[in-house]
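Q: If you want the building blocks of each chain, they are given just below.
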Amino acid sequence: MIPPAAHRVLAVFALVVCAFSVAPVLVIVAESFTATDYVVFPPPSLSFKWYGEFLKRAEFVDSFLVSAIVAFGASLVATALGAAASLALVRHDFFGRRALQQLFLAPLSLPGLIFGLALLQFLARYGMPRNIATITLAHVIITMPFAIRFITVALLGIDRNVELCAQSLGASRWRTFRYITFPLIRPGLAASLVFAFIISFDEVAASLFLSSPNATTLPVRIFTYIDQNYDPLVTAVSSLLVFAALFAIAILERTFGVGRLFGLR
Amino acid sequence: MRLAATATEQASLPSRRPRLPVPLLLLAPALAIFLVFFVLPLGVLVVNSFHDYSRLTGIIPTFTLKNYVRILSDGFYLEIIFRTLRLAFLTSCVTLIIGYPIALYLTVASARQRAWIILLILSPLLVSVIVRTFGWLIILGPNGLVHSLFLALGLQASVPLHSEGAVIAGLANVLLPFLVLAVATSLQAIDPAVPLAAASLGAGPWRVFRLVVFPLSLPGVIAGLLIVFSLASSSFVTPALLGGADYKVMSTMIYQQALILQNWPFAAAFAVVLVLVVFLVLLVQTRLIEGGRYRVVFH
Amino acid sequence: MTEQDTRITRRATLGIGASLIAGYGLRAQPALAQAGRTEGEVVFAGYGGTFEQFARNELIPAFEKQTGIKVRFVVGTALSNFAKVMASRNSPEIDLYWSNELTHVAGKQQGLYEKLDPAICTNLADVTESAKDPDNIGVASYVMATGIQYNSKAFADAGMPAPSAWSDLWDPRLKGKIALYNFSVAYSQDLLAILTRLAGGTEKDIRPGLERVKALRTSGNLAMFASSPAELDNMLVQGQAWATVNGSPRGFILKDRGAPIDFAFPKEGAGFFANYFEAVKNAPHPKAAQTLINFLIGPEMQLAIANGMVAAPINRKVVLSDKLKAQTPSSEAEIKKLIRIDRVEMNKQLDNWAELWNREIEAKR
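Going down the list, the sequences are from chains A, B and C.
Residues 1 to 265, numbered by this note's numbering, are exactly what the first sequence covers, in order.
Residues 1 to 299, numbered by this note's numbering, are exactly what the second sequence covers, in order.
Residues 1 to 365, numbered by this note's numbering, are exactly what the third sequence covers, in order.
Simulated from the structure, these hints should not be mistaken for laboratory data.
Possibly wrong hints are sitting among the right ones.
[To be verified] List time: in silico DSSO-like cross-link candidates among lysine-lysine, alpha-carbon distance up to 30 Å:
| hint | chain 1 | residue 1 | chain 2 | residue 2 |
| --- | --- | --- | --- | --- |
| 1 | C | K281 | C | K132 |
| 2 | C | K255 | A | K56 |
| 3 | C | K65 | A | K49 |
| 4 | A | K49 | C | K132 |
| 5 | C | K287 | C | K132 |
| 6 | C | K348 | B | K66 |
| 7 | A | K56 | C | K287 |
| 8 | B | K66 | C | K204 |
| 9 | A | K56 | C | K348 |
Construct the entire structure; sequences and hints are all you get.
A: Put into structure tokens, the structure is as follows:
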């Protein structure tokens with residue numbers, strides 16, 4: 001498709017853009033090892049002290065815990081409910097199926113900022129508190145479209161005959177699911193769990209409105225800190241988010257292939 | 001995010017009359033959560049946008065259009081809307097210029113190179129936007145990478161932060177993966193025989209690209225541009241941190257009104273206007289392009 | 001995924017899940033205090049920058065040592081914290097809210113605060129009259145002034161006399177050297193009111209003050225805006241800005257630390273500025289909140305606040321050093337000289353003021 005002469009030029013360009021793409025992340029991780037008390041890049045001397053400082057700050061450790069609990073809960077609930085919904089939407093045809101599919105995908109088109117604002121006003125109107133449970137529910141809704149997408153793709157990839165075989169041999173719906181369908185869609189479930197976890201862990205916009213003094217997620221804590229201060233402490237905290245992402249990428253790459261996950265060969 | 005479904009849909013079960021409506025049972029939990037925590041809150045938002053507000057009494061539940069009137073007739077707010085759209089447009093252009101060549105290179109790269117490029121371009125999506133934007137803050141900020149570079153070169157330079165350029169750079173960086181993904185997906189769907197045929201009929205490489213490859217990749221380009229545009233116009237963290245206190249876009253105004261000035265009805269009206277404006281622009285864009293000279297590609 | 005992988009993943013997931021549940025339980029512990037006794041925790045919403053440092057380094061450790069009650073400090077501006085109090089009024093998240101005059105009046109009107117209980121707040125007896133609220137809702141934490149904070153070295157190097165009056169800000173030699181908070185921070189809000197009063201107007205029409213700030217902008221003097229105390233302090237210490245309008249404590253604290261910063265009480269009259277301690281209504285830890293308030297208005301803490309935050313104490317029993325007497329509006333006579341703003345009118349008008357400011361001062365391109 002492309003003449004060989006242009007290959008070289010494109011390759012160099014690709015290299016530069018790849019560097020551009022990862023630059024901010026690399027800068028943050030590098031800066032987290034600075035020994036200075038203020039932000040200066042490149043860091044003139046290195047130290048682990050900011051990681052130690054982070055552990056001393058109870059509110060950051062607390063937010064890390066909050067984010068972990070929320071992400072864990074949201075990914076489990078979104079995957080479980082998403083699997084159930086996907087089964088219903090793929091295996092059955094009924095009135096309103098199309099509309100329901102659109103509804104479950106709708107959170108993708110709604111900016112997180114606006115969803116957060118809407119939820120905040122909703123909670124205040126009906127006297128409901130802002131806490132870990134409400135943040136988790138919001139994240140369930142935000143990550144459900146991904147769960148449904150992954151599991152739907154997995155379901156569509158199964159040969160229906162295997163299931164029909166099992167049922168014709170007398171297996172109930174539940175047994176068919178448990179022993180045939182479930183093992184076959186496991187990769188999709190795994191991808192959904194990991195992806196939902198990291199999306200929830202990273203979420204900022206909606207969480208800004210739903211965080212409260214008693215339950216603030218880590219990205220929101222970082223944002224409010226940067227708003228009031230500018231020192232290397234948050235680079236250490238941010239690096240933790242980077243490491244979490246790297247961990248997720250490693251798992252996804254191993255089970256699925258990051259490119260394949262997004263539809264690229 | 002658009003994710004490709006690689007299999008076509010298969011037929012559903014032969015219709016039986018089940019005693020318990022199984023699909024309803026399976027859907028009930030998800031549907032319940034969506035109705036209560038997604039649909040209902042949006043309803044509350046829209047309803048609140050028609051209410052009034054006073055600092056001394058709170059939300060006043062009367063019906064009034066004054067929030068919308070204020071936003072749509074006041075030059076100050078219209079300028080903010082315009083600035084938001086301009087930011088989104090410029091970001092989309094920059095992202096396209098940077099991203100298209102990379103997607104193009106993916107079609108001819110070796111398997112190993114492909115793996116690396118995909119990893120380096122897509123992986124940042126899994127890192128929180130606050131971290132990536134903060135990274136830009138360190139690159140562009142006082143004593144940051146750019147500043148230190150200028151000082152090392154002996155140049156007198158001001159800090160390149162708190163400007164529209166800084167916001168565009170940050171947004172382009174954050175949204176690049178979406179565009180590359182969309183364009184690469186549609187490029188990889190092109191049958192290599194087609195450009196080959198064009199070349200064999202005597203067309204030079206530039207003509208092949210201009211008249212065959214690029215038009216065939218257009219659906220992906222449009223999809224990518226639309227995603228980048230809508231995400232850029234509603235992004236909050238990047239304009240807030242990189243643009244500075246006086247760079248106001250719709251999302252920062254919504255934040256200020258809602259969480260600082262506490263005027264929820266006005267913030268709600270602003271939110272509704274944001275969604276409608278972006279929706280309108282996207283509609284116009286798709287109509288314009290999908291109905292134009294490249295119509296053939298889409299149908 | 002192999003069977004091996006599945007087993008490992010299942011175990012890993014269970015392990016992570018178990019530790020997260022344990023973490024959740026640990027977090028919930030302080031909340032499991034019995035009713036009737038003073039609670040084991042209190043959520044305190046206050047200010048950032050030097051105020052936060054003082055709170056974390058002196059205030060909170062002293063309180064935790066004396067009472068064993070854990071303090072969770074939340075940082076924000078008066079308005080953003082007030083927004084949190086308002087947003088969660090049906091299910092309050094904050095116990096003690098450190099307000100300013102504006103939000104004290106607004107919150108009181110909306111019934112967001114609790115009356116102080118003299119049985120718990122025994123130190124109220126020693127508080128000066130002007131610091132008490134007529135209905136005993138909340139109490140002033142200290143008194144300070146709004147005036148000019150400047151970089152003394154920059155002025156000396158430029159051969160200019162240190163600023164001593166509001167009008168000094170319009171000096172053409174200060175082109176590009178003035179920074180202000182953006183409008184969400186109280187000091188810029190008060191500046192409008194102060195300038196309007198000095199021009200002979202009232203809070204009902206802020207035009208006179210706005211025109212003066214606008215002149216500062218169009219002349220090119222006002223070139224920078226900061227959204228937080230830390231940011232503004234940075235601008236001045238690094239010399240990007242030479243002068244700003246800020247509360248008196250901040251300048252003096254930096255000066256005591258050795259930075260080339262100083263504060264001037266403007267000749268025409270500095271602004272009266274007070275912060276209040278509010279016990280939020282229906283808060284989760286009401287008794288702990290009032291215990292903390294009582295601790296903060298007691299003589300020991302008030303002296304620490306006076307020293308550490310360079311603000312005039314409100315407890316009659318506190319004796320100040322001469323240096324502090326010069327830096328704070330500590331006598332009744334000095335307080336009378338400060339310009340007081342009509343906070344009720346300001347509450348009514350604040351949104352209009354914000355709009356005018358956004359439009360005519362902060363809007364650029």
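Q: For every hint, state whether the structure bears it out.
A: Hint check results:
| no. | hint | result |
| --- | --- | --- |
| 1 | K281(C) - K132(C) | holds (18 Å) |
| 2 | K255(C) - K56(A) | holds (28 Å) |
| 3 | K65(C) - K49(A) | holds (27 Å) |
| 4 | K49(A) - K132(C) | violated (45 Å) |
| 5 | K287(C) - K132(C) | holds (20 Å) |
| 6 | K348(C) - K66(B) | holds (17 Å) |
| 7 | K56(A) - K287(C) | holds (28 Å) |
| 8 | K66(B) - K204(C) | holds (22 Å) |
| 9 | K56(A) - K348(C) | violated (43 Å) |
When each numbered hint is compared with the structure, violations occur for hints 4, 9.
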